[in-house]
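Asker: Just so you know, the sequences run in chain order A and B. Here this note's numbering runs 738 ahead of the position in the first sequence, where the first position is 1. Here this note's numbering runs 738 ahead of the position in the second sequence, where the first position is 1.
If you are wondering where the hints come from, they were derived from the structure by calculation, not from laboratory data. Do not rely on the hints blindly, as some may be mistaken.
Mimicking BS3-like on lysine-lysine, the simulated pairs with C-alpha atoms at most 27 Å apart in a straight line are [what the hints assert, rightly or not]:
1. A/K746 with B/K941
2. B/K840 with A/K1001
3. A/K788 with A/K1020
4. A/K941 with B/K746
5. A/K1064 with A/K834
6. A/K840 with B/K746
7. B/K840 with A/K746
8. A/K915 with A/K941
9. A/K1001 with A/K803
10. B/K1001 with A/K840
11. A/K1036 with A/K1020
12. B/K1006 with B/K915
13. B/K746 with B/K915
14. A/K802 with A/K788
15. A/K941 with A/K1020
16. B/K1036 with B/K802
17. B/K746 with B/K1028
18. A/K746 with B/K1006
Ranges of calculated distance between the beta carbons of each label pair, as one might list FRET restraints [what the hints assert, rightly or not]:
19. B/R765 with A/K1028: 57 to 67 Å
20. B/M1024 with A/S956: 42 to 52 Å
21. A/N1063 with B/Y980: 49 to 59 Å
Even for Gly, the Cβ is constructed at its ideal location relative to N, Cα and C.
Protein chains: 2
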Amino acid sequence: MVPGLTLKNLLNIEITGSGTAFPERGRWVMNNDIHQMIFGDNWAEKMAAKNLRPDYYETELGLKKRYWTHTPGSTISHNELTSADLMIEAADNAIKDSGISKYEIDFVIAVTITSPKYSTSMGPFVAGKLGINAPAIEMKSGCASNIFSITFAAQLLQNGARNVLITCGETTTKILKMNSTMAYAGGDAGSAIVLSRTDANDKGIVAGYLNTNGFYSSYMGVNGLMPPNQIDLDNENYYLSYVEGTEEFLQQAWASTPEILYKASGIKPDEIDCLIPHQVHKKRTMAAAKAACIPIEKTINIIGEIANCGSSTILVALDNARKNNKLTNNQTALLIAGGGGISWGGLIIKT
Amino acid sequence: MVPGLTLKNLLNIEITGSGTAFPERGRWVMNNDIHQMIFGDNWAEKMAAKNLRPDYYETELGLKKRYWTHTPGSTISHNELTSADLMIEAADNAIKDSGISKYEIDFVIAVTITSPKYSTSMGPFVAGKLGINAPAIEMKSGCASNIFSITFAAQLLQNGARNVLITCGETTTKILKMNSTMAYAGGDAGSAIVLSRTDANDKGIVAGYLNTNGFYSSYMGVNGLMPPNQIDLDNENYYLSYVEGTEEFLQQAWASTPEILYKASGIKPDEIDCLIPHQVHKKRTMAAAKAACIPIEKTINIIGEIANCGSSTILVALDNARKNNKLTNNQTALLIAGGGGISWGGLIIKT
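Looking at chain A on its own, in the form it has when it is part of the complex:
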């Protein structure tokens, strides 16, 4: 593992609000629905004939339900919800949760790897739709994007911003094909948090760790050339392409992050009240808890409810922790994320 960047003591900062957005909330796409879409009405027989276990995704990976804006592999349409729509709704919920006026938000960070637009920065776009008059950017660094965005927000708060909105939206279904395992693994979600300045100097980002390895950048990505062209469209090159070979590196990246954060902060595993990992599959979540020496009861595990919603996932998990009182005031949380990019990292946050 290369060293990466460790940040310390970005304090006097608190999470004042969080929110999520899902297409048709409460109407999940179930594993059996996907079996049916791939294999047809007699999927049970067809899967049996191919020696495929219908329960595999739940039993082995913990995948049960997910929200979709779009049926993977079908033609995308202007009538479907976009990642920007999800960002806007999630941001609206987070701002309401914070009780802060949108006029007091001094910066907006929009995060997505599945933007509905080329060229246009989702920062100003989403801020404009929310009626927020503040400087805004769009940023991304793979699945760990929001570890990065939180450190950027914290630095802006330390340099004069009163409140920073991070809003993230992902529509992974629009880059997934139906004929692959990834159809089961991908979900769509918006998620947002409001970070605010506080007088309390025991609240904030005690330690942050950021890293990427671009050697693996092309192992998981959409290969089609941008702006769009007919040949890549005909060849279905605007779907996510995945090449084996990153798994060992990713396991190491996830496993090495907690120790770096413990060392940088002086905080010990038994001081962590809540582990909030990016959600890939249940094995990764279990491995993260083990590497962090944190019992599974203190670990947020919502992969069964949402699947992997790209960079949006970890803020959905953070919102889940807050709303279910698994992360309350005056506690300590450990966040870990890693995935495509390859980007990875983590945060220790005192609330």
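For this one, chain A is given, so just place chain B on it according to the hints.
Answerer: Chain B only, in chain A's frame:
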């Protein structure tokens, strides 16, 4: 004008290197070449018949030459240079100029509104190609993106990074049609800087000002839905669409920025050694100099050499200032940018 975010005293920072990249450096596309592409071999007659002045673009807008990776309106090809190629070459030049080892770069910020990829963050991608093992992101906020990126780099340097590479690449030609004024106005370029920590506390970002207005986000942008789809491709919706109505706002945005920076820093116009504006057309540059109360001799005006290369432009101008000794050590520079997003802002930098 809404307030925006003002940052002060991001000090102990210096620009240690800068560099650029152009396709086929030295082989410019001239105004007459574009006349010929649009009107054919007998362009002089055809333009006269339409009452069009061939000298208009040079006389009125200051546009003479530009570098193109691509002929606007033609089918894009995997054989052409991409914005990532331009980022990599510019970064390589900036790193050489800085004399800093790539192993001492602790963060990479890639900036583009014309990425060659969907989903994939250009941060890790470009860092990987450069052999830089450091955390990396891609970010954008329209034409002022690099005003934002420099403040982000400065904050990372204040929080432990030793050196931060900002590398930017734009291929505006790939989103421009040939049958419009914009074909004359757009150019392609890569540009990069290395920002480094220094013990000198009189060097750095004395004041920064960042703002966006998303109300105008859709006035200038690529309207086609992402990921790519056949209908938008057939309807040529992956080209830049421009709606009248932003000019007055942009003029105000540019005009109001110097005063905000002077007020925040206590620096007076006669203390500025070099004005580095984003390059749109010569009228905008003249207006910027006037608003900043800076004589035109101290103003970088390279629009005639490169045209508007999107967010890459201002770092090309900064490199030009450094390489031509218009900005040397122990001087003060004012940077101003504004454009699509709408994003705008500026910096006062002590070198």
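Asker: For every hint, state whether the structure bears it out.
Answerer: Status of the hints after comparison with the structure:
| no. | hint | result |
| --- | --- | --- |
| 1 | A/K746 with B/K941 | holds (24 Å) |
| 2 | B/K840 with A/K1001 | holds (26 Å) |
| 3 | A/K788 with A/K1020 | holds (25 Å) |
| 4 | A/K941 with B/K746 | holds (24 Å) |
| 5 | A/K1064 with A/K834 | holds (20 Å) |
| 6 | A/K840 with B/K746 | holds (24 Å) |
| 7 | B/K840 with A/K746 | holds (24 Å) |
| 8 | A/K915 with A/K941 | violated (43 Å) |
| 9 | A/K1001 with A/K803 | violated (37 Å) |
| 10 | B/K1001 with A/K840 | holds (26 Å) |
| 11 | A/K1036 with A/K1020 | holds (14 Å) |
| 12 | B/K1006 with B/K915 | violated (43 Å) |
| 13 | B/K746 with B/K915 | violated (41 Å) |
| 14 | A/K802 with A/K788 | holds (21 Å) |
| 15 | A/K941 with A/K1020 | violated (30 Å) |
| 16 | B/K1036 with B/K802 | holds (21 Å) |
| 17 | B/K746 with B/K1028 | holds (24 Å) |
| 18 | A/K746 with B/K1006 | violated (36 Å) |
| 19 | B/R765 with A/K1028: 57 to 67 Å | holds (58 Å) |
| 20 | B/M1024 with A/S956: 42 to 52 Å | holds (45 Å) |
| 21 | A/N1063 with B/Y980: 49 to 59 Å | holds (50 Å) |
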